[in-house]
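Participant: Construct the complete structure from the given sequences, taking the supplied hints into account.
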Amino acid sequence: MAPQHARRPVRGATVNAESRRFNLPQTEADGDWLDARGAIDGAPPPLRTSVTREHPRTIISRNASPDIGFDRSINPYRGCEHGCIYCFARPTHAFHDLSPGLDFESRLFAKPDAAALLRAELGKRGYAVAPIALGTNTDPYQPIESDWRITRDIVAVLAETRHPLTITTKSDRVLRDLDLLVPMAAEGLAGVALSITSLDARIAATVEPRAPHPERRLKAVRALADAGVPVYVSIAPVIPGITDHELEHLVERAAEAGARGCFFIPIRLPHEVAPLFRAWLDTHFPDRAAKVMATIRSLRGDRDNDPDFFTRMRGSGPWAELLRTRFRIAIRKHGLASRSTPLRCDLFRPPAGPQGELF
Numbered sequence: 001m002a003p004q005h006a007r008r009p010v011r012g013a014t015v016n017a018e019s020r021r022f023n024l025p026q027t028e029a030d031g032d033w034l035d036a037r038g039a040i041d042g043a044p045p046p047l048r049t050s051v052t053r054e055h056p057r058t059i060i061s062r063n064a065s066p067d068i069g070f071d072r073s074i075n076p077y078r079g080c081e082h083g084c085i086y087c088f089a090r091p092t093h094a095f096h097d098l099s100p101g102l103d104f105e106s107r108l109f110a111k112p113d114a115a116a117l118l119r120a121e122l123g124k125r126g127y128a129v130a131p132i133a134l135g136t137n138t139d140p141y142q143p144i145e146s147d148w149r150i151t152r153d154i155v156a157v158l159a160e161t162r163h164p165l166t167i168t169t170k171s172d173r174v175l176r177d178l179d180l181l182v183p184m185a186a187e188g189l190a191g192v193a194l195s196i197t198s199l200d201a202r203i204a205a206t207v208e209p210r211a212p213h214p215e216r217r218l219k220a221v222r223a224l225a226d227a228g229v230p231v232y233v234s235i236a237p238v239i240p241g242i243t244d245h246e247l248e249h250l251v252e253r254a255a256e257a258g259a260r261g262c263f264f265i266p267i268r269l270p271h272e273v274a275p276l277f278r279a280w281l282d283t284h285f286p287d288r289a290a291k292v293m294a295t296i297r298s299l300r301g302d303r304d305n306d307p308d309f310f311t312r313m314r315g316s317g318p319w320a321e322l323l324r325t326r327f328r329i330a331i332r333k334h335g336l337a338s339r340s341t342p343l344r345c346d347l348f349r350p351p352a353g354p355q356g357e358l359f
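The sequence shown begins at 1 in my numbering and counts up one residue at a time.
Just so you know, the hints here were simulated from the structure itself, not pulled from any lab data.
The hints are all genuine.
DEER-style ranges, computed between Cβ atoms:
id	residue 1	residue 2	range
1	F309	K124	26 to 32 Å
2	R328	R125	41 to 47 Å
3	R328	D67	17 to 23 Å
4	E256	L322	21 to 27 Å
5	C345	E252	30 to 36 Å
6	R48	E321	44 to 50 Å
7	E256	R202	19 to 25 Å
None of these values were measured; they are calculated from a predicted model.
C-beta atoms are modelled at their ideal positions from N, C-alpha and C, and glycine is treated no differently.
Facilitator: This is how it looks when you write it as structure tokens:
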């Protein structure tokens, strides 16, 4: 019989596994007796969310990956309270000597200086414009954004400078910033992708427990489309044996909601994500855990994860080809695009201020 792990209400990971160690300075516990006490009546103790201020020296992250359609991104937060069990960003918490499990979704970091840092970087001599991506690592509209509003401040700087922007999120909280996004979209400067993994509320509640209900996300797609913002649906990840049967229905619902296009990515399980995902399967889907992992391994070259460029985003083998064929048929049937429309880069104006005014 598969081992059972503790179920924590509205949390994704079932364990707080050891991470790779980077020998960074240790942080001290906050001393809250609720966090330190043992289980009461057989239930795990409540798990509170904490947020630590982080003050980086720069805010734009660069990448040279040949299979990613952007070369720069901004992450307002580290960790993500949505708690998606499959999140490929979970291993980044190891850089803080924290667990990619429950720590990743409950011990968060916020970057309150992000907008000021962005303004300074955009004002540097020789800055070359290309779309900045938000939501590539952790969700820019996760619950703490309601209070911190760091994402909104970033979008405001990009709107002011007429800088192209893409956003990927699981949250309808993005609608709060329509006043900024609509004018940007009218000039060809903004596009939004709503990530929807499953339309089944029971599955969504376990696989991404603190993300908004899938129907709320579809309503956000409709609201964005009606407001003139180019909007797409990201069916990512597709989980064999759990969500893959919904692929065609998700494409259909995306089209009905007004999305311009869809794309999908088979599940990825890098580093510590693989054992966390296995533990989650044992807890929530013990009847099919072995079959799910066998299919994932067939997609990933008989490994839990394939880190190679291009195949890491597409998968390989018969299962991957079947998913691609089904997806191509579905988007053709509903008249959707499989890629987003390019954004304009010729309208940029350096930010106002001492540095921007020099150029």
